[in-house]
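Student: Residue numbers (my numbering): 500 to 1130.
Since the hints were derived computationally from the structure, they do not count as laboratory data. The structure presented is a predicted model; accordingly, all values stated were derived computationally and were not measured. The beta carbon of each residue, even a glycine, is placed where N, CA and C say it ideally should be. None of the hints are false.
Cut-off 27 Å, straight-line C-alpha distance, at most; resulting in silico cross-link-like pairs (DSS-like, lysine-lysine):
no.	residue 1	residue 2
1	Lys998	Lys1036
2	Lys847	Lys923
3	Lys950	Lys1042
4	Lys766	Lys905
5	Lys951	Lys1033
6	Lys743	Lys686
Computed spacing ranges between beta-carbons, pair by pair:
no.	residue 1	residue 2	range
7	Asp822	Asp1015	58 to 68 Å
8	Ser730	Asp648	27 to 37 Å
9	Ser730	Glu885	50 to 60 Å
10	Asn880	Glu645	37 to 47 Å
11	Glu530	Tyr564	20 to 30 Å
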Amino acid sequence: MGLEWKRPTELCSNPQFILDGATRTDIRQGELGDCWLLAAIASLTMDKEILARVVPPEQSFTESYAGIFHFQLWQYGEWVDVVIDDRLPTRNGELLFVHSAEGNEFWSALLEKAYAMVNSSYEALSGGTTTEGFEDFTGGIAESYELSDAPPTLFNIIRKALSLGSLLGCSIDITSSAETEAVTRQKLVKGHAYSVTGAEVVHMYGSPVQLVRIRNPWGQVEWTGAWSDNSKEWDRVLPEEKSKLDYSAEDGEFWMAYSEFLQQYSKLEICNLTPDTLSSDSVGRWSFHQFEGTWRVGCTAGGCRNNPATFCSNPQFVIKLEDVDDDPHDGVDGCSFLVGLMQKDGRKERQFGRDLNTIGFAIYKVPDEIKGLTNVHLGPNVLLREKSVAMSNTFINTREVCSRFKLPPGEYVIIPSTFEPHCKGSFILRVFTEKQATARPMGMDISANIKKEENISKLDVDPHFQHLFKQLAGNDSEISAIELQKILDKVVSQRTDLKTDGFSMETCRHIISLLDKDGSGTLGLLEFHTLWMKMQKYLEIFKHRDTDHSGTLSSHEMREALAEAGFQLNTPVLQVIVSRYADQQSAIDFDCFVGCLIRLEMLFHMFETFDKKNTGKIELDIMQWLCLALS
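Given these sequences and hints, build the entire structure.
Tutor: So this is what it looks like as structure tokens:
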């Protein structure tokens, strides 16, 4: 029998949305390889407040039932309300995917469907990491630590994370499905998600001992080793210290020496929550910044530092760290912060055969001479000469790369990138700081510094040039757009160091429109002389920026070339220019370069004509707009 979509009301006589609270027994894996997601859902049941946000509990199959249910999921920077109908995939009258042990409880199956919906399909959920689910249910940044290679300050990182309201989970890896739910000799369950709820230091015979408190949400199976509920170690702890630890037996929580914790467990995951997710006033708050960006081929997809020709074109974000940590976890003064770089829509893209990009980021110190400036994009003179002060732990093809850092107060620029250049994608960059900090995208203000042509007379023009003009212009001593096209094509075609497919008629008309002072629609001697001077300047810039002597400019070189020509443009404008003037190989030949500069100069002149008060804004009626757009 094939797959059938059925409502819970068709599967049992008394369907329930949530029955006696949401627990881990409501989460049984089906035929889909999404155990990573189910582990995250299981962890979600440990925090009732966060669970209630993701799974609004007031829904039911009786009151106001309409065959639809809604959930809230965090998706790439925002909380989205996901509404689904309650038809679920079944075979032979049984749920095909996640289901509850009770058989008539459906919140977990419906949540799985909502998650599949935002990721385009159930199939897209196959394979993943628990941290991905953590983040989509909380909006936080998740860190993962392999306890066999734990950093020396991890215990203090745990204490700090708990003080900031973070969710901490730990687990013991399994090597095969047969080990799932296997219980060790000291009553720890393999493959289960435990939560870490405390970290303290006690004294035994005057010597400090680091302890962690662990909660088993699945029942009364508890650790029976050292520092367990009835162990002799507690008899050697002062009563006042014991009382501070909220120590009580048989409550689902137990203490363990931190050294033992590193040996018994395999992995620790810390989900650091945003301020809007935390409801308790008893915990601290991270300072939080979030930005969206894109890697566009030929413009902002510069690749990592291994690609010096393109690296500087990547998006840049500046963070200003001012105050050092109150209680440094490693005893070293500095500013602690987390950086998470997440690429968007990876699961949706997978159905089209596109894999995740390999991503990471580098952090550079902002040079003293440009600190505080907002209209700056760091170029090769900084990024290729200076060494990065920090980097992501790795470049990897996962949804998110997250790393923890500590740096002295100062201004730093974060540069997110793919490993290889020319890889398109969208991303969000999130920065969590322990103390207040400021962060913003680095971007250029739009401006033009165009040198005004000198007023000259015929007497100022070289006689040889006058003779050349007369030969080119003919009897009417005027050069039309058609004649200009032939002249420019002939001149450029004689050069072997320039690549061109010929000047377009549109470019020639724009040249005449820009330089035609008398409104004749043609170029006279003085106007043609002005054009000749411009062409020499454009050629000089083009040759200077054509560093590989290819006869073309790489689209990544356009920012510097335009700046040399007097145009300071931001990334959105550069993206439009690249789309308009670059070929499929992201190269710009000389005629397109000239056309771009002429068009830019025209547009700035037009804007300045209407912006008489220099406000940076203009207002046009329909006639003015059409005349400008068609000119």
